[in-house]
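Visitor: Could you build all of it, start to finish, from the sequences and the hints given here?
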Amino acid sequence: EPEVTQTPSHQVTQMGQEVILRCVPISNHLYFYWYRQILGQKVEFLVSFYNNEISEKSEIFDDQFSVERPDGSNFTLKIRSTKLEDSAMYFCASSEGASGRSDTQYFGPGTRLTVL
Amino acid sequence: RKEVEQDPGPFNVPEGATVAFNCTYSNSASQSFFWYRQDCRKEPKLLMSVYSSGNEDGRFTAQLNRASQYISLLIRDSKLSDSATYLCVVNRSPFSGGYNKLIFGAGTRLAVHP
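So the sequences go chain by chain: P and L. Sequence positions in the first sequence follow my numbering and run 128 to 243. Sequence positions in the second sequence follow my numbering and run -2 to 111.
Note that these hints are calculated values from the structure, not bench results. For glycine and all other residues, C-beta sits at the position ideal for the given N, C-alpha and C. Keep in mind that the hints are not guaranteed to be accurate.
[Claimed, not checked] Think about it this way: if two alpha-carbon atoms lie no more than 27 Å apart in a straight line, the pair counts; the simulated DSS-like pairs of lysine-lysine are:
1. P:Lys184 with L:Lys42
2. L:Lys42 with L:Lys76
3. P:Lys169 with P:Lys184
4. P:Lys205 with L:Lys42
5. L:Lys76 with P:Lys169
6. P:Lys205 with L:Lys39
7. P:Lys184 with L:Lys(-1)
8. P:Lys184 with L:Lys76
[What the hints assert, rightly or not] If the Cβ cut is set under 8 Å, some of the chain L residues that face chain P in the computed set are:
9. Pro41
10. Asn88
11. Ala103
[To be verified] Computed footprint of chain L on chain P, listed as stretches where at least three residues anywhere in the stretch have a Cβ under 8 Å from a Cβ of chain L:
12. 166 to 174
13. 214 to 227
Guide: Here it is in structure tokens:
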């Protein structure tokens, strides 16, 4: 069964450093997303991406964040200058479409980001 | 008011019990509804989509009441492996300013014991 994959599974970084989290969405999916979950809290939407541009972003997704689809398979989330409060689990998701039965989103296993 | 509200639990039930979870959502323009399951420190996994007519998948039954903005999940004959956090999730319509953006409830914890 096709699945979303993410690397690395755990990233430890120093405050102020840049990190890039990588995702490979399901191959025939066209919509891509990043969510985050701070320990003990609910899953929160960060950004959606379609047709090589951001469709929507939350207020969490400030100028320190960016997303990119550098080739036909990868989807990346970059945090330019990490802060302590960026420590969280980051989940990538993808969906085939954006409406009807094709809007179901499938999640990757996540990258645990720890900012020291 | 939170956009998606759930009872946090925990629900502690014996194997074989029937347990029901409820969820309410505040945005009447919400388009799609789901129950996801999340094990500790793992990703949310789709349990089932929720349709207006109600739907069943084995021991799991989901109901949606759009008028009351209420979603439910019923688990029959609970197994030890059902122990997890159950997330009520709502998808905003692209036409209501939320482009296929999932809004998660905080989750209801279920612990099934022998």
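Visitor: Would you mind marking each hint as holding or not holding in the structure?
Guide: Now the hints, each set against the structure:
A C-alpha spacing of about 23 Å is found between Lys184 of chain P and Lys42 of chain L, which places the hinted pair at or below 27 Å, so the restraint holds. Annotation: proposed proximity of Lys42 of chain L to Lys76 of chain L holds, straight-line Cα distance about 18 Å (limit 27 Å). Taken as a hint, the Lys169 of chain P and Lys184 of chain P pair is honoured in the structure, with Cα atoms around 17 Å apart against an allowance of 27 Å. Between Lys205 of chain P and Lys42 of chain L the alpha-carbon distance is near 25 Å, which keeps this suggested pair within the 27 Å criterion.
Under the criterion of a C-alpha separation no larger than 27 Å, the hint pairing Lys76 of chain L with Lys169 of chain P is consistent with the structure, at around 25 Å. Proximity of Lys205 of chain P to Lys39 of chain L is assessed by CA-CA distance (about 22 Å); at most 27 Å being required, the pair is judged to hold. Restraint check for Lys184 of chain P and Lys(-1) of chain L: the C-alpha separation of about 19 Å stays at or below 27 Å, so the hint holds. Between Lys184 of chain P and Lys76 of chain L the alpha-carbon distance is near 39 Å, which puts this suggested pair outside the 27 Å criterion.
With a cut of 8 Å, the hint placing Pro41 of chain L at the interface with chain P holds, because the nearest CB-to-CB distance is about 5 Å. Look at Asn88 of chain L: its Cβ gets to within about 6 Å of chain P, closer than 8 Å, so that hint holds up. Because the closest C-beta pair between Ala103 of chain L and chain P is about 4 Å apart, less than 8 Å, the hint holds. Proximity of the stretch 166 to 174 of chain P to chain L, defined as three or more residues with a beta carbon under 8 Å from a beta carbon of that chain, is established by the 5 residues found.
With a threshold of 8 Å between beta carbons, the proposed coverage of the stretch 214 to 227 of chain P by chain L holds, since 6 of its residues qualify and at least three are required.
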